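Residue numbers (the numbering used here), protein chains in the order written: chain H, 1 to 109; chain Z, 1001 to 1409; chain D, 2001 to 2123.
The set of hints was computed from the structure by calculation and includes no laboratory data. None of these values were measured; they are calculated from a predicted model. We put the CB at the ideal spot given by N, CA and C, even for glycine. Each hint should be verified, as a subset may be incorrect.
[Stated by the list, open to error] Each pair of labels, with its calculated beta carbon distance range: (1) D:Gly2039 with Z:Val1223: 40 to 50 Å; (2) H:Gln20 with Z:Phe1175: 19 to 29 Å; (3) Z:Pro1219 with H:Gln20: 51 to 61 Å; (4) D:Arg2072 with H:Ser21: 51 to 61 Å; (5) D:Asp2092 with Z:Ala1314: 24 to 34 Å; (6) D:Asn2024 with Z:Gly1086: 26 to 36 Å; (7) D:Lys2123 with Z:Trp1271: 36 to 46 Å; (8) Z:Phe1328 with D:Leu2069: 18 to 28 Å; (9) Z:Pro1165 with H:Arg96: 28 to 38 Å; (10) Z:Gly1086 with D:Ser2086: 32 to 42 Å; (11) H:Glu87 with Z:Gly1212: 56 to 66 Å; (12) D:Ala2068 with Z:Leu1218: 43 to 53 Å; (13) Z:Ile1227 with H:Lys84: 48 to 58 Å; (14) D:His2008 with Z:Val1171: 39 to 49 Å.
[To be verified] For lysine to aspartate or glutamate, the following EDC-like pairs were computed, each having C-alpha atoms within a straight-line distance of at most 16 Å: (15) D:Lys2089 with D:Asp2012; (16) H:Lys26 with Z:Glu1180; (17) D:Lys2123 with Z:Glu1311; (18) D:Lys2023 with D:Glu2113; (19) H:Lys84 with H:Glu57; (20) D:Lys2022 with D:Glu2101; (21) Z:Lys1065 with D:Asp2092; (22) H:Lys49 with Z:Glu1114; (23) D:Lys2087 with D:Asp2098; (24) Z:Lys1312 with D:Glu2113; (25) Z:Lys1312 with D:Asp2098.
The lines below spell out each chain.
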Amino acid sequence: MRRCLALCLLLVACGAKEPQSERVRKTIASWDGALALTASSWAKGDLPKHFVKDAAEAATEELSKQAYGHAAARALALADELKKAAENDDKSAGARLAATFEQEAKKQQ
Amino acid sequence: MKSSFLQIALGIITGIGGFLEVGSLATAAQAGASYRYGLVWAIVLGTVCLIFLIEMSGRLAAVSKHTIADAVRERFGFNFAVWPRGAEIIVNLLVLGAEIGGVCLGLKVLTGIEARWFAVPVALILWFALWVGTLDIIENSTSILGLLTIAFLVAALKMHPDWLPLARGSVFPVFPPRSESGNYWFTAVSILGATISPYMFYFYSSGAVEDGWDVKDLPANRVTAVIGMSFGALMSIAVLVSSAHVFNPRNIDISRYEQIALVLTPALHKWGLPIFGISLAVCCFGAGVEIALATAYSIAQTFGWNWGEDEKPAKRARFSLTYTVMIFLSIVPILLGVDPLKQTMFSMALTAVVLPLAILPFLLLLNDEGFVGTHRNGPIGNIVVAFTIFMAAIIAIVAIPLEIIGGGS
Amino acid sequence: MPPTHATHLVADILDQQLVDTKKNKLGKVDGLVLVMREGKPPRVAYVECGAPVLGRRLGRWCERLALALNRRFGIREKPRYRIPWSKVKEIDIDMVVDVDEHPLLAWEDWLCEHVVRRIPFSK
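Could you put together the complete structure from these sequences and hints?
As structure tokens, then:
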């Protein structure tokens, strides 16, 4: 029984965690991708503006965490712009931001 | 004896409420986003185990006229029964809170109003449905509403899945790079923990006794278990496939509901978000009904109280007050601002830890002539249960370390 | 089966569901009281129900806690209730007992009267 338990924990430990910098990059790329999809869908009329605002706020909340530091500055600024565009119902700004988010996401890869 | 349609309705609502709830939606979306089809096998494996366990719950109820909780106390005594009951109360309280949170998130997606504001109204509606409804009304209406989730299947098909890799992913794990293996196995464990939920067995066996099943219903029980759980699994796989095609190519990792909510939009356009919101709300409502009733059932049956959803609350005072207290206590975390997704992930890890204790009695009860007579488990049934207990024990040990290493969000 | 055919105290009697002759659920058999007889096997004298009886099975501290809570909040005069074995009529899926006056549903009745009936749509 004890051997079995030790084996399980060893197997778990073998799954090493990825480096912090890699996780930061992936998270920022993930939110860039999510907001690109959100903004482009909104520009097409597929999403209501309250949802776009919520998505931008969620991204801001996640990326404002200390772990992301300066790396997330650009993404945070863009998220803020998207939020303002949603508040003003400016879909053309949304389309423009969608393209910007996509470029940023590609840069992170 | 009730009609076959009602029996299948019980199976479908168990499937919808058990499968498509906040935990399995979140894990299926995460799995598809991070690993494309690489974790379909976990849903399939969990479903197969669940079909056997649900069938056994129904068989126990039909043959012995005992529910699981009842049989556990009678066969193993109060000193044993108190442990799974105690663990169940704590876990179900958290899971119920997460499901009510899921309904609130669905409503937030539809209206833009902060989820917390919906907690009390949703709890009241859930309580009211149980207070005045009967099992038939609840089973039928939630089954019918739950058919909305076919939208996930439509969306998945519109994404033109790659059938061969999907078939392969249903059978074989597709291992990711070593640096991601912690997260991969954490997601697999989460899917299995979300799929094999003990409250489903208690709900199903209690519903079977309340509906008056007997030996004649055993074939229908088998069909119901297979159809109900397969329906739920199909919808779960559909969420994974949609997620694989929407999020994976864009390198989107799921950490918030504001991301999951986009899953139907590329396929269904302006209908995508509202259908997601309504489906999430309905599925989580169905799960909430199941969990609240399952807990009240198992406590009442352990202590020998009068129980039953078909009678008026005045005739089942302790039973009715049990689910009432459960529902209103469960919304405290969401009112205090706890994130429903985080509460979901935590409660699923906790479910995984208590799973072996919940499943172990099946091996003994379903082989006990005193309870099931000649309708004992065959060798395949016993192998599946033994394997499930073994798998549940592994999950219980590694769930928490994997959460730390794999890093749930 | 008739009560005389019960051979296993634990399997056939302990933790069984108790119902009255009208099939109302009364609770579970929480304990047994045996009479020790000189030179003869022990005999079941009573089946016992109540929170302190259950508590004793978990430990003395649990029993004391149940008794203390009953003194503070309880509405049952007899937290431990004994049903004579002669009142047990049948042992099948449930154990049928022929009791008329009993405190086994005291909490059910109190909660019904003081809480549940005051909530709309409960009747």
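A quick look at each hint next to the structure:
Range check, glycine 2039 (chain D) to valine 1223 (chain Z): about 59 Å between beta-carbon atoms, so the 40 to 50 Å window is missed. Range check, glutamine 20 (chain H) to phenylalanine 1175 (chain Z): about 23 Å between beta-carbon atoms, so the 19 to 29 Å window is met. Range check, proline 1219 (chain Z) to glutamine 20 (chain H): about 57 Å between beta-carbon atoms, so the 51 to 61 Å window is met. Taking the beta carbon of each, arginine 2072 (chain D) and serine 21 (chain H) are about 60 Å apart, inside 51 to 61 Å as hinted.
Between aspartate 2092 (chain D) and alanine 1314 (chain Z) the beta carbons are some 28 Å apart, a value that agrees with the proposed interval 24 to 34 Å. Our hint of 26 to 36 Å for asparagine 2024 (chain D) and glycine 1086 (chain Z) holds, since their Cβ atoms are close to 27 Å apart. Hint check: lysine 2123 (chain D) to tryptophan 1271 (chain Z), Cβ distance near 43 Å, so the stated range 36 to 46 Å holds. Separated by about 22 Å at the C-beta atoms, phenylalanine 1328 (chain Z) and leucine 2069 (chain D) satisfy the suggested range of 18 to 28 Å.
Distance hint check for proline 1165 (chain Z) and arginine 96 (chain H): the Cβ-Cβ separation is about 36 Å, which falls inside the suggested range of 28 to 38 Å. One distance hint, 32 to 42 Å for the beta-carbon pair glycine 1086 (chain Z) and serine 2086 (chain D), holds here, with the actual separation near 36 Å. A hinted range of 56 to 66 Å for the beta carbons of glutamate 87 (chain H) and glycine 1212 (chain Z) is consistent with their spacing of about 58 Å. Roughly 48 Å separates the CB atoms of alanine 2068 (chain D) and leucine 1218 (chain Z), a value that falls within the hinted 43 to 53 Å.
Distance hint check: the CB atoms of isoleucine 1227 (chain Z) and lysine 84 (chain H) are about 50 Å apart, consistent with the given range 48 to 58 Å. For the pair histidine 2008 (chain D) and valine 1171 (chain Z), the supplied restraint of 39 to 49 Å holds, since their beta-carbon distance comes to about 47 Å. For the hint pairing lysine 2089 (chain D) with aspartate 2012 (chain D), the CA-to-CA distance comes to about 14 Å; that is within 16 Å, so the pair holds. Our distance criterion of 16 Å between C-alpha atoms is met by lysine 26 (chain H) and glutamate 1180 (chain Z), whose separation comes to about 12 Å.
Only pairs whose Cα atoms come within 16 Å are accepted, and lysine 2123 (chain D) paired with glutamate 1311 (chain Z) is accepted, the gap being roughly 9 Å. Proposed proximity of lysine 2023 (chain D) and glutamate 2113 (chain D) is contradicted: the alpha carbons are some 21 Å apart, above 16 Å. Among the hinted pairs, lysine 84 (chain H) with glutamate 57 (chain H) is consistent with the structure: their alpha-carbon atoms are about 11 Å apart, no more than 16 Å. At most 16 Å may separate the alpha-carbon atoms for a hinted pair to count; lysine 2022 (chain D) and glutamate 2101 (chain D) meet this at roughly 14 Å.
With a CA separation close to 11 Å, the supplied pair lysine 1065 (chain Z) and aspartate 2092 (chain D) stays within the 16 Å bound. The straight-line distance between the Cα atoms of lysine 49 (chain H) and glutamate 1114 (chain Z) is roughly 15 Å, inside the 16 Å bound, and the hint therefore holds. Proposed proximity of lysine 2087 (chain D) and aspartate 2098 (chain D) is supported: the alpha carbons are some 5 Å apart, at most 16 Å. Using a Cα cut-off of 16 Å, the hinted pair lysine 1312 (chain Z) and glutamate 2113 (chain D) holds, with the two alpha carbons roughly 14 Å apart.
Straight-line distance between C-alpha atoms of lysine 1312 (chain Z) and aspartate 2098 (chain D) comes to about 26 Å, which puts the hinted pair past the 16 Å bound.
Hints 1, 18, 25, counting from the list given before, are not met by this structure.
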